[in-house]
Structures are given as C-alpha cells and as structure tokens.
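Since the structure of chain D is provided, determine the placement of chain R on it from the hints.
The listed protein sequences derive, respectively, from chains D and R.
With this note's numbering as the guide, the letters of the first sequence map in order to residues 1 to 329.
With this note's numbering as the guide, the letters of the second sequence map in order to residues 1 to 536.
Any given hint might turn out to be false.
[As the list claims (entries may be wrong)] Among chain R residues calculated to face chain D with C-beta under 10 Å, some are: (1) 40; (2) 82; (3) 84; (4) 88; (5) 122; (6) 234; (7) 237.
[Unchecked claim] Pairwise CB distance ranges, derived in the manner of DEER restraints: (8) R:482 to D:69: 21 to 27 Å; (9) D:97 to R:260: 40 to 46 Å; (10) D:85 to R:290: 30 to 36 Å; (11) D:151 to R:391: 31 to 37 Å; (12) D:82 to R:137: 26 to 32 Å; (13) R:494 to D:95: 41 to 47 Å.
For the record, the hints were derived by calculation from the structure and aren't laboratory data.
No residue lacks a Cβ here, since even glycine has one placed at the ideal position from N, Cα and C.
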Amino acid sequence: MTAALPARRPPAGRGLAGLRVPAWLGTPVRRLVTAVAVLWAAATTAYAALLLAPGDTVDILVGDGADTPEIRAQIVAEWGLDRPEAVRYLSYLGRLLHGDLGRSYQLQRDVGEILAGQVGPTVRLTLAAAAVGVVLAVAVAVATAGRSVWPRRIVSAAELVAVSVPQFVIGIVLLFVFSFSLGWFPVSGAADPQALVLPALALGLPVAGVLGQVLREGLERALEQPFAVTARSRGLSERAVVARHALRHALLPAVTLAGWFTGVLLGGAVITEALFGRPGLGRVTMQAVTGKDMPVVMAVVILSAAVYVTISALLDLAYRLIDPRLRSA
Amino acid sequence: MKAIRGALPFILVAALAACGSQTPAAQTGGTALTWAVETEPITFNPHQWGQNKARLLVFNQFDALVARGEDGSFVPWLARSWKVSDDGRTYTLELRDDVTFQDGTKFDAAAVKANFDKLREPGYNPTVAAIQLHAFDKAEVVSPTTLKITLKEPDGLFLDFLSSPLAGQVSPKSLKEAEDLKAGGPDVVGTGPFVLDRYVRGQEVHYTRNPRYNWPPQGSAHQGPAYLSEVTYRFLPQAAVRIGALTSGQVQVVEGVPATDIQTVKSDPSLSFQSALNSGTAFSYYFNTSHPPFDDRRVRQAFREAVDLDTVLASVYQGTAKRAWSVVADTSPFYDPSLEKTYGGDAAKANALLDAAGWTQRDAEGYRTKDGKRLTVRSVAAAPYVRDRRDILAQAIQARLKQTAGIDFQVRIVDQGTAQKAYEDDAFEVFENSRGDSDAGAALNLILPKGGAINRTHFADAALDTWLAGATASSDTAERKALYAKVQHKVVADEAIVFPIYVPSDQIAASRNVQGLGFDPVSGTPRGVYDVRIAA
Numbered sequence: 001m002t003a004a005l006p007a008r009r010p011p012a013g014r015g016l017a018g019l020r021v022p023a024w025l026g027t028p029v030r031r032l033v034t035a036v037a038v039l040w041a042a043a044t045t046a047y048a049a050l051l052l053a054p055g056d057t058v059d060i061l062v063g064d065g066a067d068t069p070e071i072r073a074q075i076v077a078e079w080g081l082d083r084p085e086a087v088r089y090l091s092y093l094g095r096l097l098h099g100d101l102g103r104s105y106q107l108q109r110d111v112g113e114i115l116a117g118q119v120g121p122t123v124r125l126t127l128a129a130a131a132v133g134v135v136l137a138v139a140v141a142v143a144t145a146g147r148s149v150w151p152r153r154i155v156s157a158a159e160l161v162a163v164s165v166p167q168f169v170i171g172i173v174l175l176f177v178f179s180f181s182l183g184w185f186p187v188s189g190a191a192d193p194q195a196l197v198l199p200a201l202a203l204g205l206p207v208a209g210v211l212g213q214v215l216r217e218g219l220e221r222a223l224e225q226p227f228a229v230t231a232r233s234r235g236l237s238e239r240a241v242v243a244r245h246a247l248r249h250a251l252l253p254a255v256t257l258a259g260w261f262t263g264v265l266l267g268g269a270v271i272t273e274a275l276f277g278r279p280g281l282g283r284v285t286m287q288a289v290t291g292k293d294m295p296v297v298m299a300v301v302i303l304s305a306a307v308y309v310t311i312s313a314l315l316d317l318a319y320r321l322i323d324p325r326l327r328s329a
Numbered sequence: 001m002k003a004i005r006g007a008l009p010f011i012l013v014a015a016l017a018a019c020g021s022q023t024p025a026a027q028t029g030g031t032a033l034t035w036a037v038e039t040e041p042i043t044f045n046p047h048q049w050g051q052n053k054a055r056l057l058v059f060n061q062f063d064a065l066v067a068r069g070e071d072g073s074f075v076p077w078l079a080r081s082w083k084v085s086d087d088g089r090t091y092t093l094e095l096r097d098d099v100t101f102q103d104g105t106k107f108d109a110a111a112v113k114a115n116f117d118k119l120r121e122p123g124y125n126p127t128v129a130a131i132q133l134h135a136f137d138k139a140e141v142v143s144p145t146t147l148k149i150t151l152k153e154p155d156g157l158f159l160d161f162l163s164s165p166l167a168g169q170v171s172p173k174s175l176k177e178a179e180d181l182k183a184g185g186p187d188v189v190g191t192g193p194f195v196l197d198r199y200v201r202g203q204e205v206h207y208t209r210n211p212r213y214n215w216p217p218q219g220s221a222h223q224g225p226a227y228l229s230e231v232t233y234r235f236l237p238q239a240a241v242r243i244g245a246l247t248s249g250q251v252q253v254v255e256g257v258p259a260t261d262i263q264t265v266k267s268d269p270s271l272s273f274q275s276a277l278n279s280g281t282a283f284s285y286y287f288n289t290s291h292p293p294f295d296d297r298r299v300r301q302a303f304r305e306a307v308d309l310d311t312v313l314a315s316v317y318q319g320t321a322k323r324a325w326s327v328v329a330d331t332s333p334f335y336d337p338s339l340e341k342t343y344g345g346d347a348a349k350a351n352a353l354l355d356a357a358g359w360t361q362r363d364a365e366g367y368r369t370k371d372g373k374r375l376t377v378r379s380v381a382a383a384p385y386v387r388d389r390r391d392i393l394a395q396a397i398q399a400r401l402k403q404t405a406g407i408d409f410q411v412r413i414v415d416q417g418t419a420q421k422a423y424e425d426d427a428f429e430v431f432e433n434s435r436g437d438s439d440a441g442a443a444l445n446l447i448l449p450k451g452g453a454i455n456r457t458h459f460a461d462a463a464l465d466t467w468l469a470g471a472t473a474s475s476d477t478a479e480r481k482a483l484y485a486k487v488q489h490k491v492v493a494d495e496a497i498v499f500p501i502y503v504p505s506d507q508i509a510a511s512r513n514v515q516g517l518g519f520d521p522v523s524g525t526p527r528g529v530y531d532v533r534i535a536a
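Excised from the complex, chain D in its bound form (with noise of 0.2 Å):
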C-alpha cells in the first residue's frame, strides 16, 4: 500500500491541456471508480462461489424435511429459482444498484434489514478492540523501548502470548477471571457498556500484541537516527524525543498494518460475538454460512469489501498527515 501511492499519482490529466483534471478532483474519482470496481469484484466473486459450492438452493431450502415435487416447485417459484444463472446474476446486480439486499433463505426477511439491526453492535465492538489495541500498543512501546531489558523481555512474552493464543481462549480465560469469578463484567447484554469491556479485550489484545511489536521496533530503530541525537543534543527529555519525533517515524509502518487489522477484527468478531452472546454481524454471517443462506453471505461479503475500500481510503490520508514528504508530491 505504502509503495503503491506515490505512483498512483502523477498519470491522469498530463496530456491534453484541455482534458486536465485539476489533481484534488481527479483522486477522488479515480478513487471512487476503483472502489465500485472493487464491490462490483467482490459481488461476482461471492457470487460465483457460492454458485459453484457443493449443494443445490433447493436442496437446502427443502432441508431435512418432506421432500415432494410440490414442494420443490414451491420452492423454485418463490424465490425464481427456474430462470438461468446469468438472468439471475443480472437482476442480483440491478437489485443491489437499488440497494435491495435480497431476501434471507433461512431468516424469512429483508437482508437489510437484517443486517441493518447487526451493524451497530459490531462496528462498536470493532471500534472498541481497535481503541484496546493501539492505547495499549502505544502505551507499552513509549515506555518500554530503548529501556532496560527486563521489562522489555516481559512485554515482548506478553505480546507474543497475545498474539499466538486463539482468540476464543482469551475470551474464555477473560471471562472465567473477570465475569464469573470476579463478577466485575457480565457475559452478555450489548446495550449495556460494561458487557463491552471483555469482548474488546478479547478481541483487541492480540491486535495490541502485533502493535505494540512493530511500534517498539520502529521507536528504537528512530531512536538511534542522527535526529534523535540532534534532539536530544538539544537538550529534549527522552520522554519528548520519544513522542515529539521518534512515534511519528514509528506509526508507518503501523498505519500500514492498519488494513490487517481490519480483516482480524471483522474475522475474530464471529468468534467474540458468539462466545459472549453479542449481536452482531459476525454471528449473523455464521448462521448464514452454514445454512448456506446465499443472500446474507452475500451481503455480508459486500459489506465487507466496502469496510476495506473506506479503510484503505482513509489510511491513504493518514499517510499524508503522518509523513509531509506525502504532501508536498
């Protein structure tokens, strides 16, 4: 990502005087037809999977259940199965260009609304692992790099611990220690903000683990640059040089990082939400998958993709505040 964005840059609007786009107009185009392209990708590949997965729809809407050409012809008319793969495919697109999800094979309603409902618990979740994770990793890197070995090694088993255990142990471990031993936090209730706090944890840890190694490498690697010594030669606490310069040439590397850790939080929020009893998107989409409830794992994979195109948008404007170099190209 990092490389790719300088050169992303110059092409469009050199030739022609007339045809030139001014450059704080032409980003945002191109960046926006990049993105349609990329739903539009992400939508005929779940598309095309789901298509080729093992399995006939009318097989799974039958179910386990009487099986009588009645049925199936019930079936089929209900939800237009009889007309060919690519009349389907087409009106699946012309649906979404209206904004019509599709109805849930398993569920009996509009995947909007479905989803609508989901969203708000798992963006919370997300939003409040990855604020876990980067206070976390920032704190411990800031205090512990350059610093004497000891506490350094304790950290780094700590991250590594964070990083390698399976999230769902983290969740069960937490919550034995702080729900039901302690009583500190209850399982479940998502309105409530204390039955916040495990599942960010649970899910926001090992984001703090990768984090916080990255950061505390790229602080002592800043550290030992020629302008860390002119700072500090300057007579600037160790504290300052830390913050005022060395962090920002140390968050690169970790904004970069940023778009993985989109994909663990959306991933480990099927695995946190089911644990604790959360709504959510990621329970959603695992009841789908298994159903093979074509509609909503296709939203669902939409969704997706759109939460990456917005990311990777903002992270392209991170970049520019963080480094000035950026700015002036």
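Okay, now just chain R, sitting in the frame of chain D:
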C-alpha cells in the same frame, strides 16, 4: 518518570475495575428470570417451527388446541373436547369460549380455521402442508365454539399435530397484518401466558406476563396468569459460558449441560440438575445398502459387533448417555424392549462375519481388503447437526472398528451443501441422524419407507411399508405398537440396516430457588416457564 511508568499497570487495572461494578441479574427482582439457552430460534412463528431446541420458547407465547398429559395421553387445551367419527375422517372440536389473543382479538372457531387455511396456503410452509396436513381436506365453522375438520383419509398422527408447536394458534389479525409473518416476533401474537415484547437478534428474547391468561392445558400445576412477571432468554451457544454464567449468578437457569460439566453442576449445593430423554428416534448410524460393502447384511452386522458401545459411550459421555437398542427412542410408547442386548460388542463374531463375507485379506495398515479393495465406509455429516460431541463419538467408534475388525471408518464433517451433495451422489456408507418428533411414527415415515424423504439406507421392503402405512392410519395405540414392533424387529434385528447408538437427552441446571422447571412429557425437551416460580 520512573514512577509514571511503574504506575501504568495499576492505572489500567483501576480503570478496568472502575468500569465494572455490575449487579448480577438475580438481584433485579424476585419474579424476573434469566435463562441461558444454546440455540437462537430461526423463527418465532409457531407455524414455521422446526427446531426442537427452540421448542421451549413456543408455548410461552402460543397455546395449541390439544396438549399431552404426563402419561402422553391427549388432554384438552384451547379445545375443550373433541370427537372423532367412526371412520376416523371427521374431527369435531369444541373450543373454549373464554380465550382472547394478546392483541385483544377473540379466539373462536373462525380463528382456528384461519390458522388451518394459512398453513395450507402455497409457499407458507410447504412441508407442513405436504406432511402433517397431507390428509387434511377442509375446516368448517359450525358455531363460534365448534369447528368441524374433515380429512381425506384417517390419520393417526392428526391429534399429535394438533398438540405440536405447529398448531400454536396465531391471532388472525397477525396472520393478515404482520410485516414479517414468517419470521415471527412481537407483532405475531398468540394466546399464551407470556407476551414476546423484545427480541435482540444474536443476544436475547424477552417476554412479559400476560395478565389475562387463564386457560392452561388440563393438568397444569396452577391456573391463572404465570408466576413470573418477566423472563429473558439469552442466546449463549458456548456450553462453558452458559455454565459460568450460571455459577456466577448472572443467569438462573441454563439448558444444554455437556457431559463434562454435569458432575460439577451436581456437586454444587446451590444448583439443581435434571435431565430427560428425548422423544422420536435414537441417534443412530444408518447403513447405506445401495452398494458394497453394506449391501451385504453380514458386513452391517459385523460393524455393530465390532464396537463395544457401552465402553465407547462411557468414555465419551462419562456415563451420562443412555445406550439405545432400537431406532425408536426408549421414551416412546412404541419402543420394543425385546431388542435389548440382542446384538453388538462381540469382536470374534464380527471377524467371523467379515471372513464369511469375503473380506479376508489385510493390507499394510491392517485394514481388511477384498479383491484388492480396502473395507472402507464413509460417514458425511452436516456441521449444523453435529452436536453432543458426536464428532468425538465417531472418532472413538473409528478407533474400535480399526482395532477389532480392520474396518476403515472415515468421518467427514462438512457444510450442509456438501453433505447434501454426498447424499445425492450416493457417496457415503453411513448416515447419522436422530429426530425429536413427539410421535416416533412421524420420524420413521421419513426414514424407513421406500422413497422416504431421508431414507438414506435405500432399503426397500414391501411388508415394512405396509406396516408403516397401517400404523400411520390407525389411532389405536395397541395396534400401532404391534405394527411398530414388527418394524423395529425388521430393521434392527433381521436386516441390521441401522445401528442405534444413544438416546439424546436434554438437561436443565438451575439455581435451587427456581422451582417448577421440567420437561415436556412427550418431546423430552424443556417446558415453557408458565409453572416456574422463584422461591424467596
């Protein structure tokens, strides 16, 4: 600066402690109950019901026309009485006249007719229209309290249908106006003792007491409104989390206690524990007889003889599973106990049978072979149906089969679509299944007759089909029992097309002060909470 750094962990812990000062749900009032359940229902509309694990919710909100007593007999509920004509084709229901739906609509014969008509509407619930109501011809309103139902042919399972969640009576107003009728929820109302007023998908469903309720089924422990003012069911799919929530007092009742936790719960003096065997069919392995090696009865018998099932069940379920001897569950009135201890667990016999069937060679890994082909049998199971540690059970059976008889038992747990495809392509030898139908006959009709919806043994036998059809048409329990005994003898003893393994059960663990919990006498699943109260 050192001081700040050293203080950081303490600040974090203090911050954590500050956010958490919750009061356990138990303290929020004497008559509110929180119950953690394993399964979130796909629908709250009783007409669309299909998950046994969700059965406990249905009768909080809805009442059926007929109920079942502790002894399994049919007793009055919304129908005060009923008469069946001599030819078994006309059912005349006399309905209660003091019942209102939760939306204020009067319950009467026209409402019941509207429910039947809806169930038969194309596309509403094709399965019920084709199976449970296959014999249904018409319903006629004779008077506001009298409904006459005419069947095309006698149906011994019709009263069972009238007592099932599928016959839960939905307000005609909801049937017409509900926005998401098939999904159910707060706007699809019944006549039951509780009103569903809040549903948070993925988290919980909340009911409040219906203050006007005064029409429980005959034989209920009390009359009038329910004791509890409100009840919340939390959806916690992880067993360890449910148990932890119970022991820490965050919920007062849980269902679905895994074998590994039963001892912990039993030894806790503040908790009560109860379990009940489910109705329907036992969890069984059905052998696919359409191709080798299970087209040979000796191989099917050898499979059963090679497994010392008592030992396997004891190690997998720590003595909490009840071994099954017939395809029909022990709790059914049709269960044939004469099959007990008539087969299984004889390694020498297993090997003799396989030798006789020509599987005499062994390959390098110790598996039996015949004409250079290994004795391999495959089981394909859809993940959503794999519960009760059935995957671990399969591994234990796999190990026994290899060790005692050289049978290569391969187990694959896959998604629903893949399983469906394997069944269609006939690419499996073992089909695992249990069904929780309240009348075992309904389950057998799907599994055993030629062309049955899930007849995956591909076994066909004219006599068997005649017995099944005869038992379905009859409503004479003694006659049905005799016919189903023949059926069980045929498929378990004579033909060995099925390997019954264990009788599934349901468990309830609760705080000791919660009283009146129990199981539905027919299905063996947890009951609703109408009779439940919290002692001071």
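These are the hints, each one checked on the structure:
Annotation: interface hint on residue 40 of chain R holds; nearest CB of chain D at approximately 8 Å, less than 10 Å. Proximity of residue 82 of chain R to chain D is violated relative to the hint, the smallest CB-CB distance being about 26 Å (cut-off 10 Å). The interface hint given for residue 84 of chain R is violated, since its Cβ lies 25 Å from the closest Cβ of chain D, which is over the 10 Å cut-off. Interface hint status for residue 88 of chain R: violated, as the beta-carbon distance to the closest one in chain D is roughly 22 Å, over 10 Å.
Residue-level restraint check for residue 122 of chain R holds (minimum Cβ-Cβ distance to chain D is 6 Å; threshold 10 Å). A distance limit of 10 Å between C-beta atoms decides the matter here; for residue 234 of chain R the minimum to chain D is near 6 Å, and the interface restraint holds. A hinted interface residue such as residue 237 of chain R counts as satisfied when its beta carbon comes closer than 10 Å to some beta carbon of chain D; here the least separation is about 5 Å, so the hint holds. Remark: the range hint 21 to 27 Å for residue 482 of chain R to residue 69 of chain D is contradicted by a beta-carbon distance near 34 Å.
Range check, residue 97 of chain D to residue 260 of chain R: about 51 Å between beta-carbon atoms, so the 40 to 46 Å window is missed. Roughly 31 Å separates the CB atoms of residue 85 of chain D and residue 290 of chain R, a value that falls within the hinted 30 to 36 Å. In this structure the supplied range 31 to 37 Å is violated for residue 151 of chain D paired with residue 391 of chain R, their Cβ-Cβ distance being about 44 Å. Residue 82 of chain D and residue 137 of chain R have their C-beta atoms about 30 Å apart, which keeps the hinted 26 to 32 Å range intact.
A hinted range of 41 to 47 Å is violated for the C-beta pair residue 494 of chain R and residue 95 of chain D, which are about 56 Å apart.
In this structure, the hints that do not hold are numbers 2, 3, 4, 8, 9, 11 and 13, in rising order.
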